[in-house]
Amino acid sequence: MSSDQDHLKETDTEARFEFKKEQKAAFVAEKGLTEETIRVISEDKDEPEWMLERRLRALKQYQKMPMPTDWPGQPDLSEVNVDEIVPYIRPDVEVRGGVDDWRDLPDDIKDTFDKLGIPEAEKNALSGVGAQYESEVVYQNMQERWEEKGVVFMNMDQAVQEHEDIVKEYFMTKCVPPSDNKFAALHGAIWSGGSFVYVPEDVTVEMPVQAYFRMNSEGMGQFEHTLIVAEKGSEVHYIEGCSAPKYSAFNLHSGGVEVFVGEDAHVQYSTVQNWSKNTYNLNTKRAIVEKGGRMEWISGSMGSKATMLYPASILKGRGASDNHITIAFAGEGQNIDTGAKVYHNAPETKSTIESKSISKDGGRTNYRGLVHIANGAKNSSTAVECDALMFDNESTSDTMPYMEINESTVDVAHEATVGKIGDEDIFYLQSRGLDDDDAKQMIVSGFIEPITEELPIEYAVELNRLVELEMEGSLG
Amino acid sequence: MATLEIKNLHARVAEEDGEQILRGVDLEVKSGEIHALMGPNGSGKSTTSKIIAGHPAYEVTDGEILLHLEDDDFGDLEIPDDARTWNLLELEPNERAALGIFLGFQYPAEIEGVTMTNFLRTALNAKIDEREELLFGEDAEEEEEEAGYDTSPMEGNVDDGEVGVAEFQKLLKEKMDLLDMDEKFMQRYLNAGFSGGEKKQNEVLQAAILEPSIAVLDEIDSGLDIDRLQDVSKGINALRDEQGTGILQITHYQRILEYVEPDHVHIMLDGKVVKSGDASLASELEDKGYDWVREEVYEAA
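In the order they appear, the protein sequences are chains G and Z.
Per the working numbering, the first sequence runs over residues 1 to 476.
Per the working numbering, the second sequence runs over residues 1 to 301.
Treat the hints as calculated values from the structure; they're not laboratory data.
Beta carbons: idealized from backbone N, C-alpha and C, even for Gly.
Be aware that a few hints might be false.
[Said to hold, decoys possible] Computed beta-carbon distance windows for the label pairs:
no. : chain 1 : residue 1 : chain 2 : residue 2 : range
1   : G       : Asp437    : Z       : Glu70     : 27 to 33 Å
2   : G       : Ile457    : Z       : Gly18     : 47 to 53 Å
3   : Z       : Arg84     : G       : Glu424    : 31 to 37 Å
Given the sequences, and given the hints that come with them, work out the whole structure.
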């Protein structure tokens with residue numbers, strides 16, 4: 001940061017805080033979760049009655065359900081106190097437009113952007129506080145091209161207004177009902193923002209649909225909902241661009257993702273996420289895959305204090321298939337509990353799960369997986385591979401692959417490897433001229449290569465750099 | 001022309017009550033020479049090679065390893081007068097590599113996800129950078145990382161480092177032609193799924209790319225069939241003939257020495273070089289075995 005900016009920061013800090021406090025009173029819901037809060041949110045968004053009812057039902061679910069506490073080896077959630085959470089902050093146009101607010105971000109976040117080599121304009125956009133005029137234009141152009149084919153891609157709040165019939169049919173009804181788990185219920189009650197993607201029958205969206213813009217318009221939303229409906233024979237690749245660290249005003253992120261893969265349709269959902277180190281990242285992501293459809297989950301989970309995330313696919317129709325590739329990185333004080341769930345509910349369904357985790361400095365990674373093959377899902381196959389890489393003896397990695405197989409004519413494979421990063425491997429690279437850090441970095445880059453290979457180049461680059469920064473211990 | 005000088009080297013396994021393995025090794029290898037280091041299992045040959053390269057599993061208890069550099073060692077680079085002799089024991093493994101030491105492994109590591117091309121170019125650039133830093137100090141150059149990726153981020157930046165992608169491809173092709181290697185090798189991951197023979201050939205290729213002054217090749221002949229042995233031997237001879245590398249060839253058997261003819265043969269027993277001679281010493285060993293040396297050495301003592 002320039003000394004000029006430093007100067008500004010010093011002189012204006014107090015004033016800006018005062019300013020923000022005043023603003024908050026006008027925009028921010030009361031702390032804690034009450035029916036009244038939910039009504040305020042819904043009214044503020046000018047939502048139809050049915051959405052308010054769904055929110056309220058979800059709230060009741062949430063209040064009934066216990067916190068998950070007894071999973072073997074699960075992250076400690078005792079600090080998660082929803083009563084302390086401010087569940088909703090209306091996106092503030094002035095804040096969004098104000099470039100000044102870049103300076104309000106914590107230093108470690110700004111530092112990370114700098115280390116990622118992201119230019120100032122882009123930083124502002126990524127952090128959700130800056131104007132993003134250029135991107136808006138690009139987005140508009142692309143949107144026009146898609147619109148001609150009937151593709152819809154917009155903010156979820158907007159979709160409730162403009163595509164009410166589709167949203168009403170799919171939103172938390174068939175895929176992720178609020179009753180699924182406590183945080184799905186919480187999400188159902190206070191969700192805000194997110195992406196809505198609709199691809200009509202037989203339409204292929206050649207370019208990946210990227211949700212970078214969303215972070216701008218959403219600003220502070222930490223309960224975003226993503227709904228993707230891909231009709232029969234369509235194809236789309238959706239990328240969630242939270243590849244930059246998000247500044248979380250509060251420390252709970254509980255997103256929801258629902259994907260509907262129609263007959264013979266193909267959806268790829270990719271995300272590289274890096275949360276600030278005080279965030280509890282508790283999400284529910286699920287896809288329903290019809291006959292011959294194909295779902296691919298590609299995800300990199302970085303950052304957060306604790307993550308519990310198990311993207312799931314329900315293979316509902318004959319010949320449906322699923323492919324999971326996940327990577328987790330846990331450093332000091334972090335517990336990343338992630339994996340995959342696949343339900344084989346029809347014959348000839350196929351799934352592959354490839355999970356990679358890296359832990360260092362006492363970090364803890366868990367792979368928690370469930371593959372369920374229903375009675376009657378004949379000739380289905382699944383292959384699960386988990387690889388864990390540890391840097392030191394303080395770090396931990398567990399693999400908990402549950403398999404429920406209720407059919408005999410199936411092909412099931414599971415393979416797990418856990419290894420400490422090899423001294424011999426490091427020495428080999430050092431003997432060729434790489435220093436110790438570069439050698440470790442090269443081994444880790446190679447380790448995560450199956451994921452970077454699946455991502456568009458700019459995301460792959462960013463993922464690599466994030467991993468490099470984590471390796472140096474210089475993030476957040 | 002560089003000289004590797006090992007004087008009275010004593011070393012043990014770097015752990016509590018670690019076994020003493022080397023008990024006074026003396027050796028001198030010059031660029032352009034081929035030395036064979038022979039001896040039975042457990043005599044300390046591999047340990048010697050690893051210590052030269054800086055393996056952390058061993059602790060040197062006495063003696064020294066010096067590297068003397070001469071002007072022609074790094075092409076046009078002028079070596080400062082006060083940087084002509086280096087005590088390798090004070091340097092990290094990558095620094096030793098930068099100064100021209102290469103270790104060919106008996107069991108090279110397999111690194112998934114890292115292509116040969118990416119690895120070799122990264123290694124070459126790291127070596128060039130480190131060399132400049134060692135010879136001319138920290139301020140020699142500070143590497144800039146900028147965008148500008150070529151085909152894949154895993155291949156690194158186009159402009160990253162001294163040797164760019166295009167220049168490296170050319171160099172690589174040259175060296176692979178020299179060693180009769182198949183180019184499709186280069187898109188494979190480093191040693192992953194390579195056969196024993198391919199791994200050994202790959203070690204020689206790396207030495208050809210990195211152009212060390214001294215290459216220590218640890219049982220590079222083990223597990224090779226006769227065709228591969230000939231290929232690998234051809235590569236080793238090319239290292240010496242084309243780039244003047246000095247070779248310290250560690251082997252159990254005389255077999256490879258039929259193809260890579262040594263100027264000097266050394267026999268190691270119980271952590272010491274006990275006998276040195278010319279190529280005929282190797283054939284004598286082949287006929288009489290190590291017991292003969294053992295008897296001769298211990299009777300004389």
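Failing hints, ascending?
none
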